Amino acid sequence: MLLQPPASALARESQTQEGVAMLVDVTKCISCWWCYAACKNYNRLPETIKPDPEQPPPLSPEVWTTLKPVKIADEWHSRKQACNHCTNAVCVKVCPTGALSYNDLGFVQYDKDKCSGCGYCAEFCPFGVPQMESNKVSGVAVMDKCTFCIDRVTGGEQPACAAACPTGAIKFGKRSELVKEGQERVAALQNSNANAAFYGDKEMGGLHVMYVLDDAPEVYGLPVDPEEPPAALVRDVLRWVGIGAAAAIIVGFGLNYIVFREAKMVNELPGAEYIRKREENNKK
Amino acid sequence: MTQPRVVERFKKRTIWFHWIHTVAFLVLVVTGAILFFPGIGGAAAGGVTRSIHRIAVVFFVGAPVIYSVLNPRMALHFVKETLTWGIEDIDYIEAAPLYYFGGPEENMPPQGHVNSGQKMWQFVVLATGVLFFLSGLIMWFFKDTAPAGLFQWSVIVHDVAFLLAFLMLLVHIYTGTIHPRMTESLRSMWDGKVSVKYAKNHYGKWYEEISKGEGEE
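Those sequence lines, one after another, are chains L and D. So in the numbering used here, spot 243 of the first sequence is number 243, and the numbers just go up one at a time. So in the numbering used here, spot 184 of the second sequence is number 184, and the numbers just go up one at a time.
Bound-form chain L, shown alone:
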């Protein structure tokens, strides 16, 4: 179909409720980088040596998950950073080829063979997650990001990072259960720390990677109330404006042609009569 309707909002709702998710608890993270190593190892991404904690690698086509170091009161904390697998994912919306899509289990999957390398996902993602290295001249590029270990998860296993985590800082499970658990953990933290926050329950329609934080989200580099960039919406509107205007113009020309042919440049058109009279008056 030329114009596919967006994935049914109802279906997405149930995927969010019944789908899978990961709960990342920064208070349990010991910055051991096992999630990073397991991700590289399982997804066959090059270079699996333990990175320098002071210069952690940013996300890249070869780094699908990394740790973001955060200094709070002279103490270093880490927040695992990877695709958050939004319920209302801007990347899925702006992807022109349908390479990015929603998995029935709720997370955002992609088909590398369908990727055109346009980079819209990378530029429109409110979290800056999708990564690509493009050839400047030819433009050839392919996007990469966390896959949620789709083959493991659909096969009944947990993602490699969650399986490798030795402290339970990454927990995999049903999203609805993890929301409850995350809220409980944050409530417990708030007894001694008023800044503790739960992140990901509502953001972008509900993330499929949620965070238990001992400080405000922005401290951990998570945007408060992330939004779809306005440009993405404008693009949607433009599509329909364009189709409507093109259709109107073509129909208009069809009518113009028919009227012209039927009238055969005769003076039976209402306007022509008026002009003839006006010119006669002018002569007088």
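Hints were generated in silico from the structure; no laboratory data involved. Any given hint could be a false lead.
The calculated lysine-lysine pairs, modelled on DSS-like cross-linking and capped at a C-alpha distance of 27 Å, are [claimed, not checked]: (1) L:LYS136 x D:LYS80; (2) L:LYS114 x D:LYS200; (3) L:LYS71 x L:LYS40; (4) D:LYS200 x L:LYS283; (5) L:LYS180 x L:LYS28; (6) D:LYS11 x D:LYS212; (7) L:LYS68 x L:LYS28; (8) D:LYS12 x D:LYS212; (9) L:LYS114 x L:LYS93; (10) D:LYS11 x D:LYS80; (11) D:LYS212 x D:LYS197; (12) L:LYS68 x D:LYS205; (13) L:LYS28 x L:LYS40; (14) D:LYS143 x L:LYS93; (15) D:LYS143 x D:LYS12; (16) D:LYS193 x D:LYS212; (17) D:LYS200 x L:LYS112; (18) L:LYS68 x L:LYS180; (19) L:LYS93 x L:LYS28; (20) D:LYS205 x L:LYS283; (21) L:LYS174 x L:LYS28.
Not close to chain D: a few residues of chain L, all C-beta gaps over 10 Å, as computed [unchecked claim]: (22) GLU13; (23) THR27; (24) PRO57; (25) VAL70; (26) HIS77; (27) VAL142; (28) ALA194; (29) ASP225; (30) PRO226.
Here the structure is a predicted model, which is why all the values come from computation and not from measurement. Ideal placement from N, C-alpha and C gives every residue a C-beta, glycine not left out.
Assemble the complex: chain L is given as a structure, and chain D must be docked to it using the hints.
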């Protein structure tokens, strides 16, 4: 009869430029527009169409640049003509609907080398050409360095320019080739000539100017 039966409307190089630019633009339209429709967007998979888009751009940008370098006076004249608007243009636009639906020919104010409608198209080509170029430059060469917001709005500017240019292209094609009144328009962009009768009817002011030089009428 001393009067020539045809007059030259476009020079060969202008015609060459027109058609090279046309083909380049059509390639750009096809390889660009598929990104708008999720159902056929799959055609862009693998990035082949994006590479074709970049090759076509070399012609789309290169053609006017080379034309302007080789014919600076004609290029300047084109820009001047495109940007010069007067009261006669309003007269033309007011009278145009009836004319295009078959109203009397004499009712149209005499036109220069191009009529106001054609000038409108030239303006869209010029304006969207600049928009296409600037936004495309950002998306092509500054993808990794430009802030995300700038890239996003470059996409929008590119889209808007496309809409304007494409919709006006439809008008240009219709009025240039299909409309029953424009009998010699396409021909003039092929061998550069129109009959004297056509020139008198459609571009009265221009015909007077060019025939004055030959000492006629």
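*Structure-inconsistent hints, enumerated in ascending order*: Failing hints, ascending: 1, 2, 12, 15, 17, 19 and 27.
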